[in-house]
Amino acid sequence: MLKKILKRKFVSSALVLSMLFVFGIQSGHAGKKDDTLNVGTKTELGNVDKFFNANRTGMLVQRLFTDGLLYTDPVTLEIKPALATSWKWINPKLMEFELRKGVKFHDGSEMTADDVVYTLNYVSDPAIKTKGSYLKNIDHVEKLNAFKVRIHMKEPYPLMPNRLAGGISIYKKGCYDKNGSLSQNINPNGTGPYRLTKILDGKGFAFEKFDNYYKDSPKGQPSIGKIVIRIIPEINTQIAEVLSGGIDWIFQVPTDIAESLANNPRVTLEQAPSMRIAFLMMDAAGRTDDNSPFKNIKVRQAVSYAVNRGEIVKQLVKGSSKVIHSACKPDQFGCTEDVKRYEYNPEKAKQLLKEAGYPNGFETKLFGYKYRPMVEAVMNDLAAVGIKTNLNWGTYSGMRGAWQKGKVPIALTSWASSSLSDVDAILPYFYKMDKNDLSRDQEVSDLIKAGGSSADSKVRLENYDKALKLMAERAYWLPMFSVGMNYIFSNNLEFVAPNDGLPRLFLTKWKK
Amino acid sequence: MLIYTLKRVLLALLVALTVSILTFGLLHLSSDPAVALAGEDATEEDIQLVRVQYGFDKPLPVQYMTWLTNALQGDLGTSYYFGIPVSTLLAQRLPVTLTLGSCALIYAILFAVPLGVLAAMRPNTWLDRFCLSLAVSAQAMPSFWFGLMLIVVFCLWFPLLPVSGSDTWKHFIMPTIVLGTNAMPAIMRLTRTGMMDVLATDYIRTARAKGLRPNTVLLKHALRNAVIPVIAVIGIQAGYMMGGTVIIETIFALNGMGLLAYESIMYFDLACMEAVVLLLCLVFITTTFVADILNAWLDPRIRIR
Amino acid sequence: MTTQHGILKKISGDDDIIEPTPGQIMRARSLRHWGLMIGGIVLCIIVVLAILAPGVAPHNPYTQILSDRLLPPVWDSQGSMEHILGTDQVGRDYLSRLLYGARISLMIGFATVLLSGFIGTSLGLMAGYYGGRVDMFINYLITVRLSLPGILVALAAVQLIGGSLPVVITVLGFMLWVRFAVVIRSATMQIRNMDYIKAAKAAGCSSFRLIVTQILPNVLNQFVVIATLEAAHAILLEASLSFLGIGVQPPLPSWGLMINEGKDFMFFKPYLISIPGIALFCLVLSINLVGDGIRDVTAPENRN
Chain A
-6 MLKKILKRKF
4 VSSALVLSML
14 FVFGIQSGHA
24 GKKDDTLNVG
34 TKTELGNVDK
44 FFNANRTGML
54 VQRLFTDGLL
64 YTDPVTLEIK
74 PALATSWKWI
84 NPKLMEFELR
94 KGVKFHDGSE
104 MTADDVVYTL
114 NYVSDPAIKT
124 KGSYLKNIDH
134 VEKLNAFKVR
144 IHMKEPYPLM
154 PNRLAGGISI
164 YKKGCYDKNG
174 SLSQNINPNG
184 TGPYRLTKIL
194 DGKGFAFEKF
204 DNYYKDSPKG
214 QPSIGKIVIR
224 IIPEINTQIA
234 EVLSGGIDWI
244 FQVPTDIAES
254 LANNPRVTLE
264 QAPSMRIAFL
274 MMDAAGRTDD
284 NSPFKNIKVR
294 QAVSYAVNRG
304 EIVKQLVKGS
314 SKVIHSACKP
324 DQFGCTEDVK
334 RYEYNPEKAK
344 QLLKEAGYPN
354 GFETKLFGYK
364 YRPMVEAVMN
374 DLAAVGIKTN
384 LNWGTYSGMR
394 GAWQKGKVPI
404 ALTSWASSSL
414 SDVDAILPYF
424 YKMDKNDLSR
434 DQEVSDLIKA
444 GGSSADSKVR
454 LENYDKALKL
464 MAERAYWLPM
474 FSVGMNYIFS
484 NNLEFVAPND
494 GLPRLFLTKW
504 KK
Chain B
21 MLIYTLKRVL
31 LALLVALTVS
41 ILTFGLLHLS
51 SDPAVALAGE
61 DATEEDIQLV
71 RVQYGFDKPL
81 PVQYMTWLTN
91 ALQGDLGTSY
101 YFGIPVSTLL
111 AQRLPVTLTL
121 GSCALIYAIL
131 FAVPLGVLAA
141 MRPNTWLDRF
151 CLSLAVSAQA
161 MPSFWFGLML
171 IVVFCLWFPL
181 LPVSGSDTWK
191 HFIMPTIVLG
201 TNAMPAIMRL
211 TRTGMMDVLA
221 TDYIRTARAK
231 GLRPNTVLLK
241 HALRNAVIPV
251 IAVIGIQAGY
261 MMGGTVIIET
271 IFALNGMGLL
281 AYESIMYFDL
291 ACMEAVVLLL
301 CLVFITTTFV
311 ADILNAWLDP
321 RIRIR
Chain C
11 MTTQHGILKK
21 ISGDDDIIEP
31 TPGQIMRARS
41 LRHWGLMIGG
51 IVLCIIVVLA
61 ILAPGVAPHN
71 PYTQILSDRL
81 LPPVWDSQGS
91 MEHILGTDQV
101 GRDYLSRLLY
111 GARISLMIGF
121 ATVLLSGFIG
131 TSLGLMAGYY
141 GGRVDMFINY
151 LITVRLSLPG
161 ILVALAAVQL
171 IGGSLPVVIT
181 VLGFMLWVRF
191 AVVIRSATMQ
201 IRNMDYIKAA
211 KAAGCSSFRL
221 IVTQILPNVL
231 NQFVVIATLE
241 AAHAILLEAS
251 LSFLGIGVQP
261 PLPSWGLMIN
271 EGKDFMFFKP
281 YLISIPGIAL
291 FCLVLSINLV
301 GDGIRDVTAP
311 ENRN
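Chains as they are written, first to last, in the numbering used here: chain A, -6 to 505; chain B, 21 to 325; chain C, 11 to 314.
Be aware that a few hints might be false.
[What the hints assert, rightly or not] Just the calculated beta-carbon pair ranges, DEER-fashion: (1) B:320 / A:383: 17 to 27 Å; (2) C:228 / B:34: 23 to 33 Å; (3) B:29 / C:217: 50 to 60 Å; (4) A:356 / C:66: 27 to 37 Å; (5) C:47 / B:221: 27 to 37 Å; (6) B:314 / C:132: 21 to 31 Å; (7) C:212 / B:29: 30 to 40 Å; (8) B:142 / A:383: 50 to 60 Å; (9) C:142 / B:240: 48 to 58 Å.
Keep in mind that the hints were calculated from the coordinates and are not lab data.
Where is the CB? At the ideal position from N, CA and C, for every residue including glycine.
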């Protein structure tokens, strides 16, 4: 009965939020008092060493306590020297780096070429279970002198600088010898702006400012004394923590919630883009069935005309997301939006379906794993032109397993390009004539391959341009929208929202 | 008794074997292991790399036998996701779950049994209806809703308790209430039904007619017989609690077994999954065993064979 | 001239102390049992609304109008009579979805309980009655089921057969039989050794007959309690399964699904979760009241 009354009260009451404001929250901004930035994140991290994990919390942690040879500026996305002071391509399979002098590890020792050689040779060893096949493309690293190294690659890989500015950290020579993949969890030792002081098993991580952090670092000097990252899987709990002052900074907040939360004067909402895009993938090669309707270009174009992407983005996705027309994030290198565009036109879609021999539409399966409301909106739009879809909802691995086996006629999926600003981090994975490729178009595949194996940016741009135009013309994908990121933080914090979706926590400062 | 115990141990081993095979099979059915382990943005090469590194390219029976051989030698293996031995991982997670589970169980029994008895003594009165409404609310209320409501009241309106985490005893108050309340309806309703049945039997009437004190009748004669089905359900409930529940652990950011099991499924952490499931098995076998013994003790007519 | 009917009437007419038929007693008792009446009326209203949903619902529950999403309900200052309970996150009328959702949720609740109750009760009766090896085997089944996480079973099911209403009901049915089995088992064990059962056995009554005619009626009370618990459980669980991929097919609504979809908006649009929540509360309460009531009415010797 009591609960019943509570529930009733709930519906009609002036709603929780207004109550929050009325009663106010006394504590608040606990972080600034003891100079500790409290961060909440959703996913648990298996291993603090980015070489051995594949998740977003891992990227937060890695960038705090380690540095790479290079660094990506969060705003301009330009690659800058970090542990290396300069780099050059000797040939498409060989790079040379001058290393910075006077860089200290957290244990006080100096970083030299030996550390770089050791780390990269260890993680590129095929026998070591590191994540990321690009690591295995490193053949070996050669020391020229104490502050000069060369990286030899097995295959030409124009994205190598981006990778070195992303997930590749440098650790101390010999660090892996005793405990293998767990060594950074047992004895974390990087060169980053913060020291990883404590790993709270399954609960989070504690960091402290590193006083001997090298001057002239592109990451700047750390400002906040301590950072604590806590794992809080439930978004509503994160919100409660932010409102009660227990947490100062959260990310990956759904737009609707973020916008409501931003009405609270104590928090700031920052909306920024990421490298992730969402798209509809269609079985153009007829792998599900030789009679698959999606083999017909007119059907694929009909789908493209049928989905009201503008309305979906405006009403559902919102934030910094935009409708995209090409199979890549518009600001990636090699991406062009100057391709055939499909504006919302259900009449034309019906017409095309009729021409394709489906005057009454057809029934098919649509796969999805996130963006549920958007998926339902797409299903609704498709149903309006006569394409009835049955939803196959599941986990990403379940869906990807099915599409690799050729069981997916149409799917709404997404790709984050490993946060790299280059189409080579997206196109080759979907148009390579392999089991991930739903279109199997030799012409497109060849163009993309040509774009990816040249170091000449003009040649690359030309090939990608042609490939993207063909892909849009033949409507293999319906590019849907770019995915924005919402950052919510206490209003006494200064935070630089990144353009690649990878937050750099070391750049946060308390407001004066 | 000895033979009975031996039989139960044999049964336990059989259950463990079946469950480990089923877990293995279902996990492989539920997703592509290499894709799950490689992560959402993995390239085909990344996935292939994982497939070879972890031996997913080998036939399934071979993979299972490898795991089984190691497990039989006491080696539960290394967690795929955390990279540490599964036994260490379980040792980290178990205390949280055990603390929460036992607190919640005690809380649930302390409230549910007396309320059930009260309701049975005064059926169809306001007291009975109040207890029923309480039980219904607890049933119809999703745990996450209740948990978040508690957070709103005790953390935002009246900042008395910490929102989430597991550092102090204060952190366990709200999760205990949510988890315990979840288990209450079944215990309360069964106690009520059982009591009402027993109170109407001849021997209770006889006892009353003999002029025994009402409390003696109630506690010594009636409750003893009424709780037998209740104990069975408490046994299961205890098993669920010790196994941890994903929703409550998620809401209060408690890193216990429930969350671990969920993550293991999502990240295809086979070694960890198998260990969690075997542990659950052990918990359920123990609780049902204890429940059976307790029942036999309470009602000697139930012979244990 | 008196007809035969008249004579009969005359005979019974002056006989005021004649016992009413059992049916009449039952009817009278039912009418006096306010718990049963209230529960019955609420349950009937829910069922009737569910059946009449196409006629009663103000809008088509599947029509999305994205620009009208998340409209507040009528009691909010910005609400309107157009959408009495507001709209959901893709702009579908919430009241219409609630009404249509009642159909699915009722079906899931009842069908699941039928299936799981049948499985659980048969197993529990057998285990409790026969004991020994049969009991061991059923114990084995129970422990195996309990140790397997439901999520894992659900994910495997969605990969194998995909999601649809019959799949949800089957999966839920095979997930929720355990409590039936365990409780019925121990209740049966208690009854098995009672004198009247022994007597019936001695009289040559077959085991099947004994179980069905003697033991089953005596464990029915426990069955009803568990059944009402599991019906609510099934309705809520369906939503979690739906988010794993084996719930009802969108755009079909269900209360569990609506509760789960409203979850993320809990702090800012609490009506999204409270409305289906209250509906579910009423349903569960009425089922419980009816269950209790039927028990009281049919087992008068238990009434104090």
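Comparing the hints with the structure gives:
1. B:320 / A:383: 17 to 27 Å: violated, 58 Å
2. C:228 / B:34: 23 to 33 Å: 32 Å Cβ-Cβ, so the 23 to 33 Å window holds.
3. B:29 / C:217: 50 to 60 Å: Since residue 29 (chain B) and residue 217 (chain C) have Cβ atoms about 29 Å apart, the given range 50 to 60 Å is violated.
4. A:356 / C:66: 27 to 37 Å: holds, 30 Å
5. C:47 / B:221: 27 to 37 Å: holds, 28 Å
6. B:314 / C:132: 21 to 31 Å: holds, 25 Å
7. C:212 / B:29: 30 to 40 Å: holds, 36 Å
8. B:142 / A:383: 50 to 60 Å: Given about 53 Å between the Cβ atoms, the range holds.
9. C:142 / B:240: 48 to 58 Å: About 31 Å separates the Cβ atoms of residue 142 (chain C) and residue 240 (chain B), which means 48 to 58 Å is violated.
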